[in-house]
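Given chain X, work out where chains G, F, D and C with the ligands should sit, using these hints.
Chains as they are written, first to last, in the working numbering: chain X, 1 to 422; chain G, 423 to 844; chain F, 845 to 1188; chain D, 1189 to 1447; chain C, 1448 to 1706.
Honestly, the hints are just simulated from the structure, not real lab data. Any given hint could be a false lead.
[What the hints assert, rightly or not] Dumping the calculated BS3-like pairs for lysine-lysine here, alpha-carbon to alpha-carbon at most 30 Å:
1. F/K943 x G/K683
2. G/K609 x F/K1022
3. G/K609 x F/K1183
4. F/K1022 x F/K972
Just so we're clear, the structure is a prediction, and the values are computed from it rather than from any experiment.
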Amino acid sequence: MPKGGVNAPVPVAPEATPAVDPRLLVRQEGVKGYLGEFRRRVTSGELGSLPVVLALIIIWAVFGSLNSSFLSAQNLSNLSQQIVGTGMIAIGVVFVLLLGEIDLSVGSVSGLCAAIFAVLNVTHGVNQWVALLSALVGGALVGLIQGLFFAKVGVPAFVVTLAGNLGWNGLMLQVLGASGTVNLSGKDIVSRLYSTIYGEQAAAYGAAAVGVLLFLGASVLDARRRQAAGVPSRPVLDIALRTVALAIIAFLAAYTLNQYKGLPLALLIFLIFIVVLDFVLRRTSYGRQVFALGGNIEGARRAGINVSWIRISVFTICSTMAAVGGLFLAAQIQSASQTSGGGNLLMNAIAAGVIGGTSLFGGRGSTWSALLGALVIGSIQSGMNIQGLSNAIQFMITGAVLLAAVVVDSLARRTQQAAGRA
Amino acid sequence: MPKGGVNAPVPVAPEATPAVDPRLLVRQEGVKGYLGEFRRRVTSGELGSLPVVLALIIIWAVFGSLNSSFLSAQNLSNLSQQIVGTGMIAIGVVFVLLLGEIDLSVGSVSGLCAAIFAVLNVTHGVNQWVALLSALVGGALVGLIQGLFFAKVGVPAFVVTLAGNLGWNGLMLQVLGASGTVNLSGKDIVSRLYSTIYGEQAAAYGAAAVGVLLFLGASVLDARRRQAAGVPSRPVLDIALRTVALAIIAFLAAYTLNQYKGLPLALLIFLIFIVVLDFVLRRTSYGRQVFALGGNIEGARRAGINVSWIRISVFTICSTMAAVGGLFLAAQIQSASQTSGGGNLLMNAIAAGVIGGTSLFGGRGSTWSALLGALVIGSIQSGMNIQGLSNAIQFMITGAVLLAAVVVDSLARRTQQAAGRA
Amino acid sequence: NESSGGGGSSGSASGGAVGAVRIGLLLPETKTTRYEQFDRPLIEQKIKELAPQAQIDYYNANENATTQQTQVDTALTKGDKVLILDAVDAKSIQSSVQKAHDAGVKVIAYDRLAQGPVDAYVSFDNKKVGELQGQALVAAVGDKAGAGSIIMINGSPTDPNAAEFKAGAHSAIDGKLKIGKEYDTPNWDPNNANQEASAAITAIGGPNVVGVYSANDGMAAGIATALKAAGLSVPLTGQDAQLDGVQRILAGTQTMSIYKPFKPETDVAAQMAVTLAQGKTLDPSLVPTTVTNGSGNQVPANLITPIVLTKDNIKTTVVADGLYTVAQICTPDYADACKAAGLQ
Amino acid sequence: MTGETVLALRGVSKRFGAVQALTDIELEVRAGEVVALVGDNGAGKSTLVKAIAGVHQPDEGTIEWQGRSVTIHRPQDAQHLGIATVYQDLALCDNLDVVGNLFLGREIRRFTILDEVAMEKRSRTLLNTLSIRIPSVRIPVASLSGGQRQVVAIARALIGSPKVVMLDEPTAALGVEQTAQVLDLVERLRDQGLGVILISHNMADVMAVADTVAVLRLGRNNGVFDKERTNQEEIISAITGATDNAVTRRQARGTEGSP
Amino acid sequence: MTGETVLALRGVSKRFGAVQALTDIELEVRAGEVVALVGDNGAGKSTLVKAIAGVHQPDEGTIEWQGRSVTIHRPQDAQHLGIATVYQDLALCDNLDVVGNLFLGREIRRFTILDEVAMEKRSRTLLNTLSIRIPSVRIPVASLSGGQRQVVAIARALIGSPKVVMLDEPTAALGVEQTAQVLDLVERLRDQGLGVILISHNMADVMAVADTVAVLRLGRNNGVFDKERTNQEEIISAITGATDNAVTRRQARGTEGSP
Ligand SMILES: Nc1ncnc2c1ncn2[C@@H]1O[C@H](COP(=O)(O)OP(=O)(O)OP(=O)(O)O)[C@@H](O)[C@H]1O
Ligand SMILES: Nc1ncnc2c1ncn2[C@@H]1O[C@H](COP(=O)(O)OP(=O)(O)OP(=O)(O)O)[C@@H](O)[C@H]1O
Ligand SMILES: [Mg+2]
Ligand SMILES: [Mg+2]
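So here's chain X without its partners, still in its complex pose:
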């Protein structure tokens, strides 16, 4: 009878050979090894999100040199809030992109959910929490319906969500009714999402410290467990360097925010969403299965993954994140209007994911790309606003900068391709 299970199914042959490969270029210990490894990565293009960060730095430097107020604490603080709405939607889009699919309805869904909240809370005087929940559930339902059509009926996601884009926009107009724009009360939970800024110095620094410590703790624990189990682990130097880099960024950001008003609640929530969902994607079975589907659907199906369920759930997550983003956008203008969810929102949200490094073809990406991409797009917009050019010129420059931001990344990848890692 077969014995086994996860723990002992394979009859191990006595003559097993060790799998260490002499051709693997093991990194030397110490700083020198670290630098060598870094040089190797640069030349072979394995830089992860470094090129985008580089592009971002260039964008900031250029706009900062053109107009000093761009790099002012006030503008950066505003920027950190302005990106949240689009960024939240982009997180959801990243999930869908990981499947290799697309969701064209996120703009309309964000508008619809903002309208649901505003009309329930303001027009009908429904309790704010109930209204909030209704908006989120509304978003989730939309995603569920779209997911069902995609996964169960087999309509291409592009068409389902394109139809949704129209349909939910119509529903939003219907919900808002003839009077159109509904202003929020300014005292409800959604309005406060945007207006709350923790002014005490301690808040921003505290958040930065917590983040850095969490990272350090997790890294050290992981390295310990790995050493104990005898599998390769990250060297101490590596952990130290990463922690220091993170600390510099975090405390610099906290310092800047404190220079103006403090830590915006919106930014804090955005970061929490990113970290939590990143964890879901990288550290849970669910996330693993999402990546698998993006890599090879047939392979995932044969591995016994419930493909329909993953697809439906991902579309539900995406629409729910669109709802969250929509609430932030409504908070930003303190109202739900007929233009909510329209304009460039859809393209910006998708572009944020793609620019941040998530592949359109599925199976490669991270929620952090939503942050990076939203920052790139937000910075260009903010810089353009400060410049005050005519729209014709502004469009052209925005297009050019967008392209340039990704060229850096593409060139890095080309090296990588030449190095055979395509």
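Chains G, F, D and C with the ligands in isolation, oriented as in the chain X frame:
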């Protein structure tokens, strides 16, 4: 030394066995066999574009029963002209979709090229042919630039064309200049593209007859050559049935058009573009290579195909078709305005290709899907307009009908998948 | 909040030099030509005239309410002391107006009456515009009113201003003309308008169409071709006095447009801005009336009457005001029409 | 040595469009038995395996599992019964690393979180057993060699506790040493009482480990042979449908033409 | 029997990220010679073939073609020189039919239009030669069996007039009869004076057709053997790097354990 070349490279083994496979279910001769084959195809979902045609018929029936003027000769004739602008752009989009890529700039490019023509011809009094050529060359150049960034630099097509979408729109505003909308003179070649309608009965019937005869001639010739060479050919009955079906559609259309004003030049040009580019895709090396790239890029590269060149040329074709479509759209409103190329044009053009049956994932599709898709979208719009509902309702219904139109197709494909042809 | 932004420079203001006054100009969109063609240059010119050292920051929201609110943030960041604000969405801009007000920045509602604590308002009345269009259409249709119905093609359903034009037009048309079909046109798209008109003509039947209401000139372009294709020649309205609209009026394919003499409006706005920037109060001649905005604030206002533009007054309005030169209007294609109208 | 029948096919047919890929197939697999499924290219072997694994649904016929008739709609269903499969086209997720692929759908978790350390450790043991060298278990399988990928796919099938293992040409891309290890593995699986279906074109391997040899030809059964009572020539002629075929001709030439 | 050197590699090295896949490889192929390239899984055989075919660029070293040093940047370059390649992963376009794949990049044309009839006719002849049954040459290769796909890839390489043919595990998925045909084909190619590089894990096949056997081990040359002056055991121990390996152990067990 190796002998050979395409004609005799392989040393044929004397003991070659015949490749006829007893498991291949050969169709019986005659009408009965034909019906049996048809039944088999229906049950296994190999219906090609039949489901979309079916959806179109349902849409027409429903709108026709709601309002009799929908099926009037006047409305159908108008419809046949209204779809041309979007349809032309959709043809270009089909090319890009065949590569498994997307072009988000087609809307802006169509507006830009219309503006180039109008400003050159009307504002600067340039000869109309020179202006026309400039507009088309402008479109081609745009495609060339985008193609270079995509193929040579390696920026994802999504990002290049998204940047283009902004940039070319800015350029269009710049070209139109401060005064904005430029009216066409009404006597130039572009204006006449839309206003010319061949009123003689003979025109429409003649065009239908030429089309049917060409099809019949080509089919018969091909069957002859195949029989002569001893490879399987289409049976006579098959050819006869197809020709009759085509003739019915063609003459019915001609009859309807003649009921109103006659054969619109725009429709004629559209059909010619479709037929010619379909021929390019299916009967030339170039077309074969486009399909190959959409199927397996690495495979195509290893087969010695110049991948960059194909990619660049496809993007050039797409933008040029966008320019053509832009001129038709300008002809429709007899002017180039700042809204040209905006609104839903981009989504409609892409959706037309996808609804018509071209895969978003590359390697499967045809220029005919541009016609079918544009017809579906145009019919929905036209039907909605005749109904005259409020926009909120109209959006929702449009979304629902769009979805329903593709559900038919998706269900057919699901059968196919179950039958293992996915 | 008394220490408004003008405070710092008001000391030197008495000397005539207004220091480095910063004024933010926030316009809503680019799809209609007037904003970048007229409003922006005219306002900038007038401000420079009144306060040569003033610095003007220009923003265009591209029809996006959210963008506009981030632009208000940017303006506050850059230290603008007065905002001339043409709201994308007069209602939802309220929070930004409040924000500016709280920061001691003065807000002039330009063209559209924004909600919130606005300091001054100069405009043409959107509702009035619709009314004038409606009246002109009723007059042009005349005694054919009983013979058929009209087609109404309104602006974008997602544009709050379109709703105001629509309401104004209805107040003039309802009861006088029969409305056969009515549409809201997404994005004010001329091609859409063209298809809507074609469909409506088919549905109503060509001979039964006695007139078409078009909310602006852009859509009128598309409607005019649809009418021509159906062989109809009926009254057609418009708005904005765009060059192509003027040409169509000359050619007879469009009946009227609404000309908003931008110069008076921009001049008033510039004067208001400079005055407020200098920390002074507005002269009553600049704000003869008061209006109440959507959020209940009393706003000192200056309302300028829009003009109905027809073939007869082209010369005395858009040409006389320097909006277009005769050469611009009378391209070779329109030479005959110009002669007939006495323009050339 | 062999136990009772775990898996049996009764009259299974499968059609793809105009191609009748399988016609009335009968097959039985007993516990502790290695059934070799052989046949020409395109004979329908992989289609049969996929029908059992739930990738394709048979058009006709029934599948019996431990005597009961079962329906297998999806690959999950087969896995739940205890059928593990190595597909000819491997079907790995190129973007995931070796560990990710090995444990896909059966991740080891600690408090609902993936236990990467445990999985990595077990991956190394598994791969060592099959004596394959892979530079690192953390590189995406896209960058593995053909044989390395094949070993990953084989190792995949051993995670979980299957009752029947189906191997579709498992040694096609393997080196001599790895092939030997896989054959050893097949024997160990049999000795543990599992049923094994082995597809191979290599007659030497088939004769080395199979208890029973089932031949498919053009989508139909073409004989079931007991290993003890047959020989390679008989099987080859059942596969090719003729005693005179390219193989025998080649062998004949080889003998007479040898210098 | 063999002519002058057509293709030679001098000190070729190739690195992927942190993996040094090839180190200082030397190889020579003469006209009318079959060079078998053997080695363990992951030894770098396919990487070497891809470097010659222009799929990957070597980091160091030179490739000499008929005595001249050449640079092969893209697969086209290799094809223009006259190198035809069958890749291990086949790299067919799943959406194209068999004819489309066979002639991809080398379509037969009549007045610039594809001559489908001529191509179809020739495809049938080619496939018959390799004695494979394919239901129809007009079905997409996606629906072919593993062996059928492999034959299509092999047939592909024979269109055009190559001077050197590289076959990366061409018989891995093939049935006994098809394998025999491919071996026959290799011999016919050699007799026509082509240089052939054959990669295979099947020592019997290698010994049957190769003139020279080049062994790779862990990305390095590990000996070149003349077929006439070596035996299977010697080659296997060069491949595995030890005389005591799973293969010999298995053989030993097989002998002593046989009942
Ligand atoms: N999805 C499919 N669609 C259409 N035909 C298919 C499909 N899958 C397999 N076939 C056909 O069914 C037949 C059997 O294929 P199968 O893959 O089962 O062969 P096989 O015995 O595994 O061959 P090999 O030894 O070459 O792997 C082939 O003729 C093939 O063309
Ligand atoms: N694109 C790539 N990126 C990273 N590593 C690679 C890549 N391609 C191959 N390798 C590595 O290079 C080594 C050699 O691979 P190669 O495919 O050449 O082996 P092989 O000799 O063909 O083996 P097999 O017999 O299994 O096909 C392997 O360790 C593999 O992991
Ligand atoms: Mg098989
Ligand atoms: Mg290999």
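Exercise. Which of the stated hints cannot be reconciled with the structure, identified by number in ascending sequence?
Worked result: Those not satisfied are hints 1 and 2.
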